[in-house]
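*Asks:* Make a model of the complete structure from these sequences and hints.
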Amino acid sequence: MGYYDLGPPTAAHRILFVMIGPVADHVYSDCEKRAAGRPRRLLTDRYRLGLLSAALCTLALLAGCTRIDPSMAVGEMPAASGGDLAPDRASEGPEQVSAVERSAPAARVASLGLHEVPPPVRPVMPVAVEEEAALLDELLSLVLPEPPKALTHEEWLRNTRSELPLMLNSHVERLLTYFTKTTRGKATLRISLGRGSAYREMIERILEEEEVPKELFFLAMAESGFRPKARSHASATGMWQFISWRGSQYGLRQDRYVDLRYDPETATRAAAKHLKDLHIEFNDWYLAMAAYNSGPGRVKRAVERARSRDFWELSRRRLLPRETRNYVPIILAMSLAGLNLDLFDVGEVDHAPELRYDTVRTEHQTSFALIADATGTSVETIKDLNPGLLRSATPPYSYDLRLPFGSADGFATEVALVPPEQRLHWRRYEVRDGETLAAIANRYRVSEEKLLALNSLEPETGLKGGQRLTVPTKTRLAIYRYYGGGPAGGLLEPGTGRYRIASGDTLGAIARRFGTTVASLQQWNGLQSTRIRAGRYLIVDPDPKGVGSSAGAKQAQSGSSPAPPRGSGSYRIRSGDNLATIARRFGVTVRDLQRWNGLSGTRIRAGDNLIVGPGAPSSTTAGVSGGRSTTYRIRSGDNLATIARRFGVTVRDLQRWNGLSGTRIRAGDNLIVGPGAPSSTTAGVSGGSFTTYRIRSGDTLGAIARRFGVSVRDLQRWNGLSGTRIRAGKSLRIASPPA
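No gaps in the numbering here: position 220 of the sequence shown is 219 in numbering that gives the first Met the number 0, and each next residue is one more.
Hint data in this document are derived by calculation from the structure and do not stem from the laboratory.
Treat the hints with care, since some could be wrong.
Below, simulated DSSO-like cross-link-like pairs (lysine-lysine); rule was C-alpha separation at most 27 Å, straight line [to be verified]:
{"id": "1", "residue 1": "K299", "residue 2": "K228"}
{"id": "2", "residue 1": "K473", "residue 2": "K463"}
{"id": "3", "residue 1": "K213", "residue 2": "K228"}
{"id": "4", "residue 1": "K463", "residue 2": "K449"}
{"id": "5", "residue 1": "K180", "residue 2": "K213"}
{"id": "6", "residue 1": "K382", "residue 2": "K449"}
{"id": "7", "residue 1": "K275", "residue 2": "K213"}
{"id": "8", "residue 1": "K473", "residue 2": "K449"}
{"id": "9", "residue 1": "K463", "residue 2": "K228"}
{"id": "10", "residue 1": "K299", "residue 2": "K272"}
{"id": "11", "residue 1": "K299", "residue 2": "K275"}
{"id": "12", "residue 1": "K228", "residue 2": "K272"}
{"id": "13", "residue 1": "K213", "residue 2": "K185"}
{"id": "14", "residue 1": "K275", "residue 2": "K185"}
{"id": "15", "residue 1": "K473", "residue 2": "K382"}
{"id": "16", "residue 1": "K272", "residue 2": "K213"}
Quick caveat, the model's predicted, so the values are computed rather than measured.
*Replies:* Here you go:
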């Protein structure tokens, strides 16, 4: 192996550096241009350029070096690259080199313990070396691959990684522009994503467990904006917007204590199962989402009509409702924006902390107040963690209660000290420093003796700060109603009979909810009309001890109005009715109707029930003694079998009395349900005051009057008709001739 002497710069050095300089500049400029706007590519090209420059410099240095053979004496240096000897050695001959200099290499080798070097021989000609291609020539001859083209904004969106197929067409682009370019759209996206951060881990975990795309997280975002108490115009509720019967289908219990459509975790599980079923049915996620919005039956009919399973084709042909045609693009636009936030300037998203909680199973009713005492938190916190509870207590059956994270053990310990039958009212209290037993007893309005006995304390024993006591008291429970999440929250104050009106409430709906009449509500609250305002209070029970009792019972108990005659029925007010015509129809006075129904004026509304005098047909009772027929107004969800069981008759009887050939009935129609009821094809039945005739297609009021031997005016008077227009399927009341 030889040594290299760099030596002073020579002409060869200068020539190589002059050649290398422009080449390096050219390569560097080319790299800068190709990497424009691509920071990662620029770094890669600069790294390669550095390697190239180092290689070129090494080549230049080596090209100008002189190789020294180890066998040569120190003084036997080969000629410089120009062919001339060094100035200080050019005039010397071989004889003039001293013996000391000739022996120096051998001495150096010997000192290192190496083999003895043969005697130096001065070469007459340069040593022959095998030539290799210059590195610069090799590098300049390379054909470099073109760098990948930078992705455009649209290409980034189209290449978004997602388990849900994401399409970017004109419909989606229009909505994407709204969510990322307009002030309102950006605020909607920003606020919804921030609120959804609290539930995202839970939702994506459940979606993954149910084997549906995690990007359906954005379906809940489109449905409710991640508001657990959201309510739509179609009465769909909760984060995933379940209507009542669909929620029941997927196990979301709804009763007076709970509505699990409001519970985020339970509703998410139900939504994931529903979406999975829809995808199995349609084998397309776009159609599954459309069916989630408008129902699988409607989507199925659209597919059959179009003979296509392409959502965009169904949308183009307007075979789906307008809401559904926009529904899928909204979800896709939200997904594209939410998964590519760094591509858009929507502002800073204020991410809510992840919602973490413990879950315990309760078997008995336990008030929020006791739960808050046992967990060291507030009633409002317990309420927010359990939006599925409709009152400030757990239900009297098994329920998975959410508690603040890390508080489950403390809750179990504290609640165990309160008897199960008292957990609805009793409290747990932590004594403060310097607090006395008398002060605690006065605060909760209990006797000191009861506190001492319940907590096994001696009278002379003082209390210590931090000591826990069981306090026997009465807790006032609240009933929650969620309507749009507004400040007016549908709250019934227990023990007062006052109800806080919620947004969307009507007087009729409140009357039905609390088992009373609109007239009674008007009388108790001094209302001249049915107009009410959210946030105001309404008396729904003048006797707070019995909320939900019937209006007649309340009036009888309070004495506010004389009870109607024994055996009275109720009459459902029809369009065009007034108190005078109803009074004439039933042979009573207007004053009687006002007394029996608690009316201060004469204003009535179609659809309400009115208590009338003896002999009136009732739309709610099973029958009237004496063999007379009665009618029942069919409600939504009724069928012949349930009505037959309710009135103790058979389906065949109902079909015979009402001239039905099948079992199909329609809500709002009247049905003859009394024993001995006349058939709709019989002209009349003796022994009764009225009979009912079911109008057929092609009937006119004149033809019916002739058939039954009465006048058109009589039919109008008996049925509260202001004109002669009638509709097939409806029923007419016709007075029966005397026996």
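*Asks:* Hint by hint, say whether it matches the structure.
*Replies:* Hints, verified against the model:
1. K299 with K228: violated, 31 Å
2. K473 with K463: holds, 25 Å
3. K213 with K228: holds, 23 Å
4. K463 with K449: holds, 19 Å
5. K180 with K213: holds, 26 Å
6. K382 with K449: This hinted pair is violated, its Cα atoms lying about 30 Å apart.
7. K275 with K213: holds, 12 Å
8. K473 with K449: Given pair K473, K449 holds - Cα atoms ~14 Å apart, limit 27 Å.
9. K463 with K228: Given that 27 Å is the threshold and the Cα spacing comes to 42 Å, the pair is violated.
10. K299 with K272: holds, 19 Å
11. K299 with K275: holds, 16 Å
12. K228 with K272: holds, 21 Å
13. K213 with K185: Distance of about 23 Å is within 27 Å: holds.
14. K275 with K185: violated, 31 Å
15. K473 with K382: holds, 19 Å
16. K272 with K213: The given pair, whose Cα atoms are some 13 Å apart, holds under the 27 Å limit.
Consistency note: the structure conflicts with the earlier hints numbered 1, 6, 9 and 14.
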